[in-house]
Structures are given as C-alpha cells and as structure tokens.
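Those protein sequences? They're chains A and B, same order as listed.
The numbering of the first sequence is my numbering, which starts it at 20 and goes up by one.
The numbering of the second sequence is my numbering, which starts it at 20 and goes up by one.
Worth flagging that the hints you see were computed from the coordinates, not collected in a lab.
Just so you know, even glycine gets a beta-carbon here, dropped at the ideal spot from N, CA and C.
Just to be clear, a hint being listed does not mean it is correct.
Capping the alpha-carbon separation at 25 Å, the derived lysine-lysine pairs in PhoX-like fashion look like this [as the list claims (entries may be wrong)]:
#, chain 1, residue 1, chain 2, residue 2
1, A, Lys-422, B, Lys-111
2, A, Lys-305, A, Lys-191
3, B, Lys-299, A, Lys-269
4, A, Lys-419, B, Lys-100
5, B, Lys-374, B, Lys-191
6, A, Lys-142, A, Lys-104
Some residues of chain B that are not near chain A, with every Cβ distance over 10 Å (derived) [as the list claims (entries may be wrong)]:
#, residue
7, His-62
8, Asp-74
9, Ala-143
10, Tyr-244
There are 2 protein chains.
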Amino acid sequence: MLHGKVLVAQGGGPTAVINQSMVGAVLESRKFRNVDLVYGAHHGVRGIINEEFLDLTQETSHNLEAVAQTPSSALGSTRDKPDLKYCQEVFKVLQAHGIAYFFYIGGNDSSDTVRIVSEEAHKAGYPLRCIHIPKTIDNDLVHNDHTPGFPSAARFVAQAFMGANLDNSALKGVYIAVVMGRHAGFLTAASALGKKFPDDGPHLIYIPERNFSVDSFLGDVKACYEKHGRCVVAVSEGIHDENGAPIITKLSKDVEKDAHGNIQLSGTGALADLLCEEVKAKLGIKRVRGDTFGYVQRSFIGCVSDLDQREAREVGEKAVQYAMWGAVDGSVTIQRTGFYSVDYKLLPLEMVAGKTRVMEDHFIAESGTDVTDAFRMYLRPLLGSGMPDAFRLRLNSVPKILKR
Amino acid sequence: MLHGKVLVAQGGGPTAVINQSMVGAVLESRKFRNVDLVYGAHHGVRGIINEEFLDLTQETSHNLEAVAQTPSSALGSTRDKPDLKYCQEVFKVLQAHGIAYFFYIGGNDSSDTVRIVSEEAHKAGYPLRCIHIPKTIDNDLVHNDHTPGFPSAARFVAQAFMGANLDNSALKGVYIAVVMGRHAGFLTAASALGKKFPDDGPHLIYIPERNFSVDSFLGDVKACYEKHGRCVVAVSEGIHDENGAPIITKLSKDVEKDAHGNIQLSGTGALADLLCEEVKAKLGIKRVRGDTFGYVQRSFIGCVSDLDQREAREVGEKAVQYAMWGAVDGSVTIQRTGFYSVDYKLLPLEMVAGKTRVMEDHFIAESGTDVTDAFRMYLRPLLGSGMPDAFRLRLNSVPKILKR
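Using the sequences provided together with the hints, build the complete structure.
This is the structure:
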C-alpha cells in the first residue's frame with residue numbers, strides 16, 4: 020500500500036449525485052492508516068494546476084454526509100480539457116504535494132486525463148495510484164451498464180414529460196422539449212418512461228443516433244396531431260442531418276443571425292424555438308410551444324433516484340478500495356448482474372478513456388422515433404423508488420340536449 | 020337548497036393542484052341529497068357551449084382521489100375568454116341541462132365568467148348558484164392571501180434556483196432563467212427562497228412591478244460578476260420598460276425577425292436568449308447561459324407543496340358548502356389568520372372578478388432587484404414540508420508549494 024496523500028477532484032458537468040461519489044471516496048480514504056491527508060481539488064484539474072486544494076480531512080463527517088445529498092459539484096468543476104502538457108502540469112503538482120492516490124470523478128474526457136496522468140507517473144517512476152470514478156448524465160461511458168448521474172437526470176426528464184403530457188392534454192397543441200445529450204440519446208429517450216396510457220406523450224422522440232430530417236419530422240408531427248389532436252415531442256439537442264450537420268445550424272439558414280453574428284448552440288432555447296417555427300409555418304398549427312430543459316435537468320434539487328444515490332456513493336467507495344488493496348490503475352465501472360442488481364469492476368483506463376457510447380440499436384424502435392420495451396426494462400429500475408404516477412378521469416359522456 | 024345537477028369546470032392554465040379543487044367539489048357535492056348528478060365540463064367553458072359533459076357521479080371515489088394527486092386539469096381546459104354573448108350561451112346550456120350549481124375553478128378571467136353567468140341567471144329568474152374557486156400560479160387574485168397552485172409552482176421555482184445556483188457555483192458564469200408571470204412577479208420572486216448562504220444566487224431578481232432598463236440590468240450583472248465571479252439572475256417573462264413595452268420586443272429590434280416575420284412572446288426561449296446576448300456582447304463575459312422554465316414549472320409531477328394540496332382541496336370543498344348552506348353567489352378566497360393558518364371566506368364575485376393583484380411594495384426591496392424579509396416570511400410556509408436543503412464544503416485551503 021502506497022503511503023501519502025489522497026486527492027479527489029470532480030470534472031465536467033455537475034450531476035445530482037456527483038457529491039455522493041466524492042464523499043464516498045473521502046470517507047473511505049479517511050479510514051486508511053497509510054493516508055496522511057485527504058485533499059479536494061477546487062474546480063477540477065484547473066484547481067490542481069493552480070494548487071487550489073481543500074483539506075477534506077478537516078471536514079466533519081456530518082457535513083460530508085449533508086453535502087453528499089446536495090446536487091452539483093461541491094468541489095467545483097471546470098470545462099478545461101487537458102492535453103498532454105496540461106496533464107504533465109497536473110502530475111508535477113501531485114508530485115510536489117506528495118499525492119499517492121488520485122481519484123477523478125468525471126466522464127470520457129476526465130477518464131482520459133486520468134489515463135495520461137497515470138502514464139506520466141509511470142514514466143517518471145513516481146508511485147501514484149490513479150482511479151477514474153464514472154459520472155455523466157449523458158450515460159455515454161463505454162463498458163458501463165449506466166453511469167451515476169444519468170438515473171437522476173433521466174428521472175427528472177421522465178417526470179417533466181409526465182407533467183408536460185398532462186398539461187398538453189388539458190390545453191391541446193404541439194409541445195416540443197429539447198433535452199441534453201449531444202452524442203448519446205439516452206436522456207432524451209428517458210422521456211418515454213413518462214408514458215402510461217397508450218395515447219400519452221411523448222409521441223415522438225428524436226435522438227442523435229438517427230439522422231434527423233425536417234420533412235420527416237413535420238410529417239410525423241402532422242400524423243400525430245391528426246390522430247390525437249395534439250403532439251408531445253422529445254428532441255435531443257444533438258440531432259443532426261445525414262451529413263452530421265447539427266439541425267440548429269441547418270434551420271438557422273432560414274432565420275437571420277443575431278446582432279452579433281452568432282447563433283447560440285447550447286444554453287439557449289434556439290433549437291426548440293426554431294422547430295416550433297417550422298411546425299407553425301408549415302403545418303399551420305396555432306398552439307405550438309417549445310421548452311428547453313436546460314440546466315434544471317441536471318441540477319434540480321429534490322428529484323433524485325435513490326438507486327443513483329447509492330450507486331454513486333458505492334463507485335466512490337469502491338474506487339478507494341481498488342486503489343488500496345489493488346496494484347493497478349483503472350476506471351471503476353458498473354456491471355448489471357440481475358433485475359435489479361449490479362457489481363463494480365475495475366477496468367483498464369484505456370478501455371474507457373475518451374470513448375463514447377451511444378444508444379444500442381435494440382433500444383431504438385424501428386420507426387426511429389420511439390424506444391423499445393428492452394429500453395424500458397433497462398431504464399425503469401434505475402429511476403429508483405417513489406416514482407410519481409398520473410391518473411385520469413373516465414370519459415362517461417353525458418348525452419347532448421341542445422345540439423343533439 | 021336548490022335541487023338539480025352540479026357542474027364543475029376548470030379554466031385557464033393548469034396547475035399542480037387544480038385537480039384537488041375539482042375533486043374536493045365533486046366529492047362534497049356527491050354527499051348532498053338535493054344533488055341529482057355531478058357533471059364535469061370537458062375543456063372548460065368551451066366544453067359547456069359544446070355540451071361536452073362527463074358524468075362524474077359514475078366515477079369511483081378511489082380514482083377521484085388518485086386524480087386529485089395528479090397535476091394539470093383532468094377535465095381539460097381552454098384559453099377561451101368568454102364575452103357577454105359567450106356567457107349567455109353558457110347559461111343557456113346550464114339551463115337546458117338543469118344545472119343548479121355551477122363551480123368554476125380558475126383565475127381572474129374565469130371569475131369574471133362566473134360573475135356574468137350569475138348575472139344572466141338572475142336576469143332570467145333561473146335559480147342557479149354560481150361559485151368561483153380560486154386557482155392560478157401567478158398569485159394575482161385580489162382579496163386572497165395567495166391562490167392555490169402558486170405555492171407548488173413557487174416551490175418548483177425555488178428548488179430549480181437552488182440547483183441552478185449550485186450548478187453555477189461549480190461552473191462559474193452568468194445564468195439567467197425566465198419565470199412565468201406576465202403582470203405579477205410573485206413566481207419570479209419565489210426564486211429568492213432558493214437562497215441559503217449569503218453569496219447564493221439568485222443575485223438579481225427582475226419583476227414586472229418595476230420598470231426594466233437594459234442598461235441598469237447590465238450594470239447590475241457587471242457589479243455582481245465582479246463581486247462573486249458569477250451571477251444568477253431570475254427574470255419574469257413580463258418585464259417591460261418605463262412605457263410598458265415588453266423588453267422582448269425592445270431587444271428584438273437588435274435582431275432580425277424570423278423567416279415568417281414573427282418574434283415569439285411566450286412558450287419560447289427568446290427572452291432569455293436575448294438577455295444572454297446582451298451580457299455577452301456588452302460585458303464580454305464568456306460563459307453566459309439562459310434557461311426558460313416554461314411549462315415544466317406549472318405541471319411538473321413530484322414537486323408539490325403539501326400545504327397547497329390541502330388548501331386546493333379545501334377551497335373546492337368549501338365552495339360546495341357555501342353553495343349548499345348559503346344563499347349568495349361568490350368567490351371563495353383564502354385569508355391568512357396566523358403563522359401559519361388560514362380561513363376561507365366567500366366574497367362577492369365583483370370584488371375579485373377580472374381584477375389583477377401585483378406584488379405589494381413591502382415585498383420588494385429598495386433596489387428593485389430583490390425581495391424583503393416580509394416576502395420570505397409570507398412565502399416560506401406556503402412551500403410546504405420537506406423542502407430540500409443545500410450544503411457546501413468548508414474552505415480549509417491547503418498552502419501552495421510550487422506557486423508560493
């Protein structure tokens with residue numbers, strides 16, 4: 020067992036449960052005698068190269084437990100994507116501070132950072148144990164059944180669509196909501212779990228795994244509107260045409276650019292608005308509304324999957340156990356073993372690092388605008404306990420008197 | 020006591036608890052012997068003039084209780100704003116179907132419809148008891164301490180900002196979220212209840228009760244960004260300049276109109292996007308993100324104030340009791356009697372109908388961009404039990420080694 024300090028860092032976009040992983044790693048590390056101190060990097064790898072460390076050994080376990088229940092990255096995060104030189108800087112700082120264990124919680128980019136730092140340490144002959152802890156609402160890490168953070172975001176999206184469907188059913192029209200996920204459609208597809216009755220929305224689901232055509236989209240919406248008198252649509256922000264061009268840039272040809280010459284691609288409501296314009300203009304439907312779930316979907320407090328909480332905690336704890344009792348670096352992964360049970364496996368960093376998983380074909384319906392029962396079976400247990408349920412009145416119609 | 024049928028209808032925008040009021044009225048009505056049948060109007064007043072009634076006497080009480088817990092208008096709603104002629108049509112249908120009790124759940128417009136229908140019945144000498152049951156997420160009914168539906172929407176907004184603030188604190192920048200409420204700022208102001216620590220966001224709150232100036236806004240954001248390195252802003256969709264012109268139309272002068280010559284005013288992300296553009300262009304801040312809470316805020320399932328549930332149920336029940344044991348038409352109102360307790364009072368329809376309440380001055384801070392403690396005291400109990408709480412790590416900084 021290496022002797023020295025532990026460093027924990029959080030990278031990329033926050034999730035509802037990323038603090039569970041951090042606290043799992045910190046509390047587990049504090050149990051080991053060979054650990055001098057437990058540091059947290061303030062604002063991810065950027066905090067490392069700036070030597071901004073917090074001493075988490077001085078944090079009460081009570082407060083750590085409270086922070087674990089709080090969404091978003093309590094250590095702060097960064098959007099920096101380190102290249103080799105950046106990672107060499109990271110390594111230098113770790114060395115200077117006597118870090119023996121480096122735990123980095125993040126997605127594909129973060130796992131690649133861990134891989135490079137691990138290589139640098141090997142090259143320098145410096146004893147450093149590097150472990151990547153999985154996290155991403157996009158669910159796009161390979162060799163993982165799913166990733167911590169995704170279940171809670173999926174629960175938010177499913178609940179949001181349950182409500183939006185009820186709203187749209189009370190005041191009929193077309194409702195389009197844009198969901199996060201640039202390359203993988205998992206989170207957008209989670210909207211399907213909001214459906215209960217056969218005519219419930221979302222009636223159409225568009226994901227980046229299938230090419231998007233504005234004409235087919237308009238045809239789909241028209242058919243649905245004619246059938247149900249309404250249409251609820253889930254759209255991934257990452258939809259693109261057959262050449263891979265994002266739909267937002269395609270549609271933006273029809274509209275002028277803003278005063279500053281830019282069309283925003285994320286953190287805006289532009290894609291939903293543009294699709295709504297298309298529906299209004301080409302289909303002549305009056306009540307067309309567009310929402311973009313935005314940041315609410317990944318950091319909303321009070322809509323968390325309890326299963327996600329537990330697993331996020333366990334990957335943090337397991338990371339430390341693998342680091343202490345094992346002799347190799349790696350990435351902690353989630354493997355499904357039953358309905359529903361999981362196990363955690365440490366895989367070589369290069370198996371996970373920098374790779375992107377997308378939705379498997381058997382999760383996507385033939386039509387390309389719906390999910391399969393296999394996907395519902397896959398996702399349902401992840402949403403956790405206490406999912407709300409929607410009910411409706413029976414339509415016992417009364418005979419007309421005046422307009423018989 | 021009048022003998023005949025009961026008709027219940029839901030109007031305007033759905034809320035998370037409007038079905039509680041409907042079920043309260045239906046179940047209470049079914050207890051009275053002088054009530055033959057209990058009807059529900061399918062899609063509000065539009066359903067009445069189309070004679071689209073559902074027989075709710077055939078509905079199980081078990082299913083009614085389940086529907087009561089479900090957000091959005093289970094009977095369906097309408098955006099129709101009846102004029103005198105429309106109300107005369109409504110009255111004709113009520114008369115033809117032998118309706119003796121008319122309960123209409125809605126906001127200002129709906130209360131005005133009840134008022135006109137009541138007058139028509141009086142003129143015609145037809146015995147009809149008309150009661151308005153309050154509902155609106157905007158909280159803009161006069162003579163009410165608050166209105167059912169507002170507390171749950173306020174809870175969503177507060178929780179959304181708690182999360183957005185944590186997210187913005189992990190990945191710093193400017194975050195602007197647009198909240199519903201065209202004339203009254205109550206719902207936008209509810210964002211303040213997401214604050215815990217002194218430097219938490221929302222740092223700036225813009226409501227329609229104060230004139231909005233783009234220049235002051237930019238100055239406020241700049242000052243906040245310089246102080247905290249970040250800025251979280253809550254904006255009402257109804258903000259306007261000193262002449263009452265909506266800001267979205269003002270800012271839209273800077274951008275081209277879309278291919279169809281329109282700028283959308285609601286159900287779009289345009290206002291948030293335009294404000295973000297201003298901040299990027301004029302303040303040179305890079306990470307600027309805009310969200311529009313949209314329909315999620317009023318119909319999200321699983322984020323409901325239990326106090327709101329109970330009160331929404333009680334106003335429905337009280338409406339029936341006032342109708343049965345009283346001799347006058349009116350609007351059920353919520354009166355606060357303690358910290359926290361309420362009572363329900365039947366007021367004459369003309370006192371409530373068609374009037375709009377806005378935020379009282381003592382709820383708005385001198386700066387015009389924050390709320391007062393009086394507002395916090397007013398709103399906190401309405402949010403109900405089990406509000407989530409946010410925690411943070413203590414900043415026990417570690418001394419630098421390389422960059423001393």
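Exercise for the section: Determine which of the earlier numbered hints do not hold for this structure and return their numbers in increasing order. Expected result: 5, 7 and 8
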